[in-house]
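So the sequence lines, in the order shown, correspond to chains X, U, V and A.
Positions 617 to 873 (the numbering used here) are the ones given, in order, by the first sequence.
Positions 57 to 620 (the numbering used here) are the ones given, in order, by the second sequence.
Positions 2 to 140 (the numbering used here) are the ones given, in order, by the third sequence.
Positions 802 to 1479 (the numbering used here) are the ones given, in order, by the fourth sequence.
Just so you know, not all the hints are guaranteed correct.
As the list claims (entries may be wrong) - Cross-link-like lysine-lysine pairs, in silico, DSSO-like; alpha carbons within 30 Å at most:
1. X:K715 to X:K725
2. A:K1054 to A:K1072
3. X:K725 to A:K805
4. X:K715 to X:K644
5. A:K1319 to X:K715
6. X:K841 to X:K754
7. U:K255 to U:K265
8. A:K1475 to U:K85
9. A:K895 to A:K875
10. X:K754 to A:K875
11. X:K852 to U:K464
12. X:K746 to V:K91
13. A:K1343 to A:K1276
14. U:K545 to V:K91
15. V:K128 to V:K139
16. A:K875 to X:K623
17. U:K79 to A:K1072
18. V:K128 to X:K746
19. V:K115 to X:K754
20. A:K805 to X:K644
21. U:K569 to U:K116
22. U:K569 to X:K674
Stated by the list, open to error - Stretches of chain V that chain U covers, calculated by requiring three or more beta carbons in the stretch to come under 8 Å of a beta carbon on chain U:
23. 9-20
24. 26-32
25. 56-69
26. 93-107
None of these hints come from the bench; they were simulated from the model.
C-beta atoms are modelled at their ideal positions from N, C-alpha and C, and glycine is treated no differently.
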Amino acid sequence: MAFDDYKADYLLVMRAEHGSVAPAFISKGEEIGDVRFDIPYQLITVLSRIYPQIPKGKIAVVVRKCDELALNELFKRGIIDGKRIFKIGLACDENIIDKCRCPDPVPSKVDIGEPKKGVAEDATVTRLRKMSPDERLKFWVRQFRKCNKCFGCTITCPVCFCENQCVLGERTLVAEKSIPPGLAFHLVRSFHMADKCIECGECERACPAEIPLLTFRKMVHADMKELYGFTPGDEKTVSPLLTTLEGEPLEDEKNVC
Amino acid sequence: MPRIGVFICHCGHNIASTVDVEKVAEFAKTLPNVVVAAHNMYSCSEEGLGAIRKSIEENKLDRVIVAACTPRTHEPLFRRNCERAGVNKYLFEFVNIREHVSWIHAKEPEAATEKAKMLVAMGVAKAALLEPQEESESSVIPVAVVIGGGISGLAAMSALVSQGIETHLIEKEKQLGGILKDIAVIGPEMKSTKELLDKMIKEIKCSPKAHFHLSSRMTDMQGFVGNFEVTITGDDKCSVKVKAGAIIVATGGREWTPKGEFGFGKIPGIITQLELEKRLAKGDVPDNAVFIQCVGSRIPGRDFCSRFCCNASIKNALRIIEAKPNAQVTILHRDIMSYGTTAERVYRDAAEKGVRFMRYGLDSLPKIEKRGDGLSVEVFDETLDDVIGMSIDTIVLAVPMVPIENVKDVATQLKVPVDKLGFFLEAHVKLRPIEFATEGIFICGTARWPSQVSECIAQGLGAAAKASIPIRKGKVVIEPITSSCNIEKCIACGNCVAACPYQAIEIVETDGKRHAFVTEAKCKGCGNCVAACNNDAMQQKGFTTTQLSAMIDALVKNAMEASQ
Amino acid sequence: MTEFNPTILAFCCNWCSYAGADLAGVSRLQMPPNVHVIRVMCSASVKPEYVFKALSEGIDGVLVLGCHIGDCHYLTGNHRTAKRFPLAQKILNDVGIDERRLKLDWVSAAEGEKFQTVITEFVSQIKQLGPNPLREVKF
Amino acid sequence: MSVKHVLTTCPYCGCGCNFFLQVVDNKLVGIVPDKTDEIGQGKLCIKGYNAHVFVQHPDRLTHPLIREGSQMRKATWDGALDKIVSEIKRIVAKHGPDSVAVFASAKCTNEENYLMQKLARAAIGTNNIDHCARLCHASTVAGLVYSFGSGAMTNSIPEFENANCLLVTGSNTLETHPMIGARMLHAIYSGAKAIVVDPRETPLSRVAHMSLHQKPGTDIAWINGIARVIIEENLYDKEFVETKTAQFEGFKKVVSSYTPEKVEEISGIPKDKLIEAARLYANSDRAMIAYAMGITQHSNGTETVKSLANLALLTGHIGKESTGVNPLRGQNNVQGACDAGSLPNFYPGYQGVAAAEMKAKFEKAWGRTLSDKVGLPMTVALQLAAEGKLKALISFGENPMMSDADITHVEEAFKHLEFFAAADIFHTETTKFADVLLPAACYAEKDGTFTNTDRKVRRVRKAVDAPGEAWPDWKIACELGKRFGAPGFDFKSPAEIMDEFASVAPIYAGISFDRLEKEVLTWPCTAKDQPGSRILHVGGFKIGRGQFALSQHAPPAEETSEEYPLILSTGRNLFQYHTGTMTRKSPKLEREAPEPYVEINSGDAKALGISEGDRVRVTTRRGSIAPMARVTERISKGVLFIPFHYAEAAANMLTNPALDATAKIPEYKVCAAKVEKA
């Protein structure tokens, strides 16, 4: 791995350090070191914290398929300038694919790793869909009861860009009951992510309480597809939540729910 | 700490006969920040209003709640009352316990009283968080732009200039007058079009305030009420920018061109009404004629009545008969629409003068064939219950008026809506008939709908009157229910920009930070941006997220306590 | 145990549905007293977050009423409403809150009867569904 | 552009999570949890995620300050240090070295604590060295040293995950040790049975198998009660008791009187629940006890700790995977500060100052004659200062004006001090009294090590430069030591200090920075080729046998009365940390818990006409504050809880300074109080 391969000024990878694996943002000329791909750091989140501090220069970053989609969402909103990013495609290994129940693990261009097949379905989603609403509610209440309000799911999320301004920290929507924060917290978040989430699964990996957040995300993802045939992660298409009904079947007067 | 006063209205028996207003008042006293709660017979009476003002002074109230009827009628009254007592009128909150409680739960007094309590609790919760607001104003450029030099536009312009208002008129053709140029007389009174137009144009021209842009089109429009900038480009490609306070759309319509109906275009001798008008104007009168009404209108897809065609045909039938007394003139119709006393008289008059009126149905359309150098018409007469044949040399198709070709361009430039047929759509058919939802832009004449000349003139004058209001006032008042962006919180995701129906929001940069910015004068206060904003940066005055959340919390709290 | 008496929240837009509600009142159309109206300028200003908040805190049902599509006082305001709430419903369903506890409908200023029907039907709907299970859940 | 991701250790609680500080050109821009860290596993709590926010706060101290009348004037380092040394020397000359005390800090690194105690002992010549462990786990150290011979967690954090029974008491684990709480959650959701005993309902108790609420200050009663059930029902490990423990008979006799009925009467725990809990704990093969301040902060804290230890001895739930008695240490480095000898009675590595051979050993190592007199615990030192018997104090980052019981009295102490020097990162309620105030570097600005609650020695690495002229505390200690004319104070780096520490403290003998570069080490680590032992007391106790303690229930020092009918308990919440010096300067944390509150049982509130959000006045025999009322069912009737983070309504204005006889820890958890609407 060398800078010249990408004509970049910076390189964002993961590498072995102090007996750990660390994200590393390497400037041209610096030693690249022992690069690793086995630990799934969310490099786009790492990047988005640093990016505002780096006024110019091209940044090469190792991206999985989901990272690519995340970048598109950031490009779309002008948060990151696509022209400054060089993507180094990383095909995920089975282990990570299974952990993410990922249907589509192959980046547009594979530079590292062997392309592997995705996983068709998330067993938990299927299970939950089969349940009665009451059972489903029991399941989620039992899960969300563990929430310790660390905000890890928002802080580590690559497409959660409200940063310090997240409403989930305010009292207006999430009632002051110390912890756990209750259902509204998770409902509001899922609504906000509905047209952004690219299912990288970082929220689930970051959850100390091991709440199956990715499963929840996948359910909402399916909803968006069913309602509007929309899937986040495309640089062009506008979120259906922001468009009018012009020329859409919904324009039909019967559109109530 | 806010000091809230709650006033429960009996509204005579309207409320008190169902809702236990005393109970509600007692309950209100227990609510946070409420320093006084009272009830009175008619809050809106001078006596009631006086009582409220008195209480405001005595208790140093800084928030006032009236629980009575609907805010949609009485809110302005109570707001003014607060102002009189020195409380900012936007620190007033209305709770509707008549339309929404007593009148619709007449048979359940307990439940109604409980509900009234809840609504008051919600109102109190919101009131505590209300903030004083000032109505902001923006200045108005004392200039109007009229788009379209037809009869409607001219009528509007004459009214404006006669008030001494600087007015620019844009006409795409070389000369003024629009469709009327080709029409000699206007029915039913048979007035001379030329006199009418010449008189009008002469009046206008003698005013120094009138500016004409002939052979020109509007190519761009920016800004908002009071501060528009219209770009006018001539056929010679050179363009000027005009700053204006109001815009009147009088782009008119056009005659629909038949698509081969009854052999139009294939068989000579079949012409449209407008063609006939031109011929008559030249003195070229047919020896006989058959008018076919409702060609291309009142049919699936174009299912409207064009409103002037019947009168036009009757008018022209009479003109033909007057010119050639023994000419045979028939009007084939699907119902005669000659409303109004004059028109109706002229209609009967025509029948007496020998104009034949025959009814046909969509299922039995007249058959037209070429015969020799003439034409033959076969039509099923419903009254005779038999097919009648006649041979004539001219057939006139009374076709409807439809929108101008480039209506969509104009609509997008002005950011105003058009209806399914492509006519411009006014704000409200009854309440705001000659203005658009977008403030400062008005509509008149056939751009809105096929109309008689008289109606066009009336609408033109009306639009002018409306347009002169902001211009005369010199300012527009913006009600403080507009949205604004908390720059601290804003992360410039652009959701609000996409959501705003008025293009009132844009992403700007202030010292390095990108954020949304709302042009208050453009904002109509729909709050769409608020719902689109994920992090509460967008807030609508008088409907902030904290205020509405507080209302929900109040309902939850009281409902849960009640259920225990 | 007395009969279940649901607490319902309704958001009505100022121009159509709130006026429709007023008309229902003026016409003395009787309906169950469980619905508490919050007036907003446009149904498009109703944050789905409010619905999540209300239901999470134990409100039994939420109504969102706006102008008919095409009649919105704010041109295309209610188009967004029509986009947001079906999603909100599905999300509720995903976590096991019966989506019928949230209803979106259109009531014009002239539709007093319709307002009455919508309210009456929604209340009986919620009565059928029973109390919001989250009332009992202690997080 | 230089962009760094610096691997370091969290400065908040004792979990010791590792994370990367994101640094762009000396500016902290974010935190990334370390996915390969065995504690955090790539997760953090909200405090961890915000641990970078306060570091570059504008209010940081940047220059040494010297008092001139009521003013503090900027000074040079030389000026400030010389002033301290001359003042202390003058006072020592007049009143002897024991008239001076040094407070070390559990926020500082091992190396710094080692130097601070060396400064007190070798440079000034007194054992008056102590730190905030006195206020949290002093009773643990005393108690567990008695029972097992070592005062630390017997097992390691990851083991909680595999336990099949958890007995958690006096610990609101999910809020105060979130990452340990997470392990417990994992265990519970994988089928482990958790018994949570606490006067409050906590996030953990809500998901626990059993949630018992004892009356504050009755712990020995219910613990002995459980022991009795276990003995009565023959559920104890006879073989273990015979071969590995002492004083069983005496113990048996003591607990025999704690019948379930009696226990229910004293503690309010229903007897059948008590029996169920006893059986559950005894019958599980991987049963772990975890506890914290709820056990230790009592006037009989040491005894209570011992009685918990009794349960482990009785059932043999110790010295094995996923068992043991586990005090959850509060501060990031409170374990390390104790290990490094910042205690009045121990040299580094828990080597008693009273023991002649130890004194000799350290005199040889440090080349100075040392005092054989056991020093003053922090709490006692402050009492003596108030009486004018202690003259001078050097404090590194302690904030007694917030953290110690009965602040009004503590204030007396500071007013009476002849000379007070403080080093800190921000102005605090305490630094107001300083005659000399030194600006210190915080965790992100220096190298060193923290020892977390499960005895893991974890690296702290410099990520950014300290603000202005601020120095790391180890450098301050070195400079002071030199100026006192003591040898062995010219260290060039923390690595060197650790080497000396390791050379004198057997439990750290195997530890060095070179090794820590590659691995995390656990003490005891006695040789350079050893990783250290995760589990203590495997196969037996180094003191020979585990000692059963004959602990009897005694009522708390202050009981409720007509005038003060409620019991007030204090503690932490998830979002703030201790005296708030750091967290209250982190907007996101402050936003979550912005103002002082008192938790009151909804029943009591109703009776007193208090509703949620009301401003109320809480009064005890010592003082009175006006926090906001938080009405909840999650606290027992008759009990109040106030977090002690908030200076504007400092809980410690109210608390009772009554001390535990052995450990000298104040009774933060119980005092009599009354509430009224303000």
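Would you list, in rising numerical order, the hints stated earlier that this structure does not obey? 4, 10, 13, 16, 17, 19, 21 and 26
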